[in-house]
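Visitor: For reference, the chains in residue letters:
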Amino acid sequence: MTKTNVTRRGVLRTGAVAGAGLALPTYLRAAQHEGFTNAPTGDTVTLGFNVPQTGPYADEGADELRAFELAVEHLNGGGDGGMLQTFSEKNLDGTGILGKKVEYVTGDTQTKSDAARASARSMIEKDGAVMISGGSSSGVAVAVQGLCQEAGVIFMAGLTHSNDTTGKDKKANGFRHFFNAYMSAAALAPVLESLYGADRKAYHLTADYTWGWTQQESIQAATEALGWETVENVLTPLAATDFSSYIAPVLQSGADVLVLNHYGGNMVNSLTNAVQFGLREAQANGKDFQIVVPLYSELMARGAGENIAGIPGSQNWDWKLENQLGERYTGTNAFVQSFGEKYGFPPSQAAHTCYAQTLLYADAVTRAGSFNPCAVAEALQDFEFDGLGNGPTTYRGADHQCFKDVVVVRGKENPENEFDLVEIVEVTPADAVTYEPDHPMFSGGSLGSCNPGA
Amino acid sequence: MDAIILQTLNGLDKGSAYALIALGLTLIFGTLGVVNFAHGALFMIGAFCAVTLQRLLSASYTTLDETRTDFLGNPAKIETPYVEAWFGPDVGAGIIEWSVPLAILFSIPVMMLIGFAMERGLIKHFYKRPHADQILVTFGLAIVLQEIIKYFYGANPIPTPAPDALTGSFDFGALLGMDPNVIIYPYWRLVYFAFAALVIGAVFAFLQFTTFGMVVRAGMADRETVGLLGINIDKRFTIMFGLAACVAGLAGVMYAPINSPNYHMGMDFLVLSFVVVVVGGMGSLPGAVLAGFLLGILESFASMTQVINLIPGINQIIIYVVAIIVLLTRPRGLMGRKGVMEE
Chain A
1 MTKTNVTRRG VLRTGAVAGA GLALPTYLRA AQHEGFTNAP TGDTVTLGFN
51 VPQTGPYADE GADELRAFEL AVEHLNGGGD GGMLQTFSEK NLDGTGILGK
101 KVEYVTGDTQ TKSDAARASA RSMIEKDGAV MISGGSSSGV AVAVQGLCQE
151 AGVIFMAGLT HSNDTTGKDK KANGFRHFFN AYMSAAALAP VLESLYGADR
201 KAYHLTADYT WGWTQQESIQ AATEALGWET VENVLTPLAA TDFSSYIAPV
251 LQSGADVLVL NHYGGNMVNS LTNAVQFGLR EAQANGKDFQ IVVPLYSELM
301 ARGAGENIAG IPGSQNWDWK LENQLGERYT GTNAFVQSFG EKYGFPPSQA
351 AHTCYAQTLL YADAVTRAGS FNPCAVAEAL QDFEFDGLGN GPTTYRGADH
401 QCFKDVVVVR GKENPENEFD LVEIVEVTPA DAVTYEPDHP MFSGGSLGSC
451 NPGA
Chain B
1 MDAIILQTLN GLDKGSAYAL IALGLTLIFG TLGVVNFAHG ALFMIGAFCA
51 VTLQRLLSAS YTTLDETRTD FLGNPAKIET PYVEAWFGPD VGAGIIEWSV
101 PLAILFSIPV MMLIGFAMER GLIKHFYKRP HADQILVTFG LAIVLQEIIK
151 YFYGANPIPT PAPDALTGSF DFGALLGMDP NVIIYPYWRL VYFAFAALVI
201 GAVFAFLQFT TFGMVVRAGM ADRETVGLLG INIDKRFTIM FGLAACVAGL
251 AGVMYAPINS PNYHMGMDFL VLSFVVVVVG GMGSLPGAVL AGFLLGILES
301 FASMTQVINL IPGINQIIIY VVAIIVLLTR PRGLMGRKGV MEE
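Keeping their order, the protein sequence lines are chains A and B. Going by the UniProt record's numbering, 33 is the number at position 33 of the first sequence; the sequence numbering is gapless. Going by the UniProt record's numbering, 230 is the number at position 230 of the second sequence; the sequence numbering is gapless.
Honestly, the hints are just simulated from the structure, not real lab data. For clarity, every value in this text was computed on a predicted model and none was experimentally measured. Hints are supplied without guarantee of correctness; some may be wrong.
[Stated by the list, open to error] If we take Cβ atoms under 7 Å as the criterion, some of the chain B residues that face chain A in the derived model are:
1) F71
2) P157
3) P186
[To be verified] No more than 25 Å apart at the CA atoms, straight line, and that leaves these computed lysine-lysine pairs for DSS-like:
4) A:K342 / B:K150
5) A:K320 / B:K77
6) B:K150 / A:K112
7) B:K77 / A:K342
8) A:K412 / B:K77
Each residue gets a CB set at the ideal place from its N, CA and C atoms; glycine is no exception.
Using the sequences provided together with the hints, build the complete structure.
Guide: The following block contains the structure:
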């Protein structure tokens, strides 16, 4: 007769340990197999594209998703190959990544940090995504970047413009191709001087959140360096829709320039209100009153309609770059051709950065010979490349920020169609927008170490 | 002084929108006893009536222009609106330009029908349910309506300009004998204020001077007794729901040139409008109008730079601070009636 020592306490203890093991996040358990999170084991690899599919930036998110789909198609050998043809690195041959067919899953950030983290977590834990990309809001990008760092996957940021993404909130697993608020200001300031002179008084309206603060700080510093005076900076609630009561006092303030540090719907409404109040035709201090919007996208220009005419701003990229400024921006036409043939309209800058990020990730994996995030990060650090539409570009190792030319644009006075809303004023070379990694606007954080999830 | 006049004008203008939406909300609450969280969506649908009419009037046929190319190098597509082909370029362009004022006529039957459909199809089933159920179902309905709009029109704001004759701004200061360009105010916002005053006046006149209005007011005071007199008050209340939808829709149509309509604009106004209704007094139509203008003006003054510098952040909370003060000192709101929502 065998005596079994099964006790109530023993069963509970065993159950608790087993339960805890089962409850352990999938990515931690997966990491134990191959040394990093979600190591692909079959003949496919899964990427996670986390974009706003609902909420105010849904149209921008849809354009990002189109670009991701196009990039995956090209990586798998479909379509005309797009920028694979023009990319300075020739490692990608249309056979997927390291011979594995690329598959993807999508998530909806809803432009909310908690929802974005939940969808990214789901893509990592349930779908086995080895890389997360996407964006359209800096708050979301910072939140998801933090999650990817904890989970041990690479985050290739989409549209995020706050200095903090590669400043105080930078992470070793996160990489940003898009430009930032400092670069916008550095590129825009000389153009503002040539357009409006060095003796100006600026009134700022600023969206009261991380992006607005860094955008305002950057453009104030850059314009004050020119000799401009900052009369006032008024923080406006992110939820504000009617800006009339903020616009009304501007003319009485003694200012002769209004700087709108607003994005998306905020910018569309504040600009519309400013034009309604006659600021564009007004005179102040003996000069024509001017309005400046440091960052705007094609979609915002479309929302603002004719009010955008003549308003200067900056962009990461423009679909007309190669046609207007020549071979330096090789890759632009190839991408516009692929995207335009597939979807019927030219791509936005959000689409461009997402497409470029996907190719850059795939190339880094190929050069590293591994999907291990630490190997990929090493391959991306201080990587110099060309042919992706922005001219020669460097992924700086110190903060994982891309340095490249910045496009200064202005709303077109007489657009010929709904895609022809902005004109390129000039392109500021990368050197003029480069800053030290320890610049005060970017200080306060550190990359930390790469986390492979093991 | 000029800043005070300017912010008063602004406040009256903001208050116009609040008052119109709150008026509709109060009409529905006062007659049907329903807390309608879908009312903001009706405002948004009104704005999209303007967008829809603008698109209908801009419906075009396409021709190819071989002398120009599009972004892919193909012959450029030239869109010519049918109205320009039918009535000539000048008249056609004029019709399209006046699409927002024309949308007032377009929106009245559309909003009436939507109001009737909402009331008969969904809301009437919730009359005897608790207010919490009504709030949940109408809030859900608001989400459904805005998602439908987003599906057809996208999430991006759609520019819907006012006619050229009514754009630009008016030198209010010169009218008051001040220096030129001291108080500049947009024409369309003045039009909005005048339009809101007209609609509010029309609603009050309808309720005050017509037999229908008298019965509705009697029903609002004592629904049971009016029913016992053999009057079909439910039918009249359904019409009132349609009227309230119409008021919200008209507010939305005229708001379209002020801020480009987007699918979310109703939600942006909904919470504020409820605060307006509560401050004015649940079920009180004059209270809703009074509180709408009062909160609009206070919100404008709180956004003044001098005020923000004195009390940082006051612009973000002023409406709620006022609501707390009013409810602490006058729990039924400024003009609330005894017994409403107190059972």
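Visitor: Now tell me if each hint is right for this structure.
Guide: How the hints compare with the structure:
1. F71: holds (5 Å)
2. P157: holds (4 Å)
3. P186: holds (4 Å)
4. A:K342 / B:K150: holds (23 Å)
5. A:K320 / B:K77: holds (19 Å)
6. B:K150 / A:K112: Holds, at roughly 18 Å.
7. B:K77 / A:K342: holds (18 Å)
8. A:K412 / B:K77: Roughly 19 Å separates the two Cα atoms, so the pair holds.
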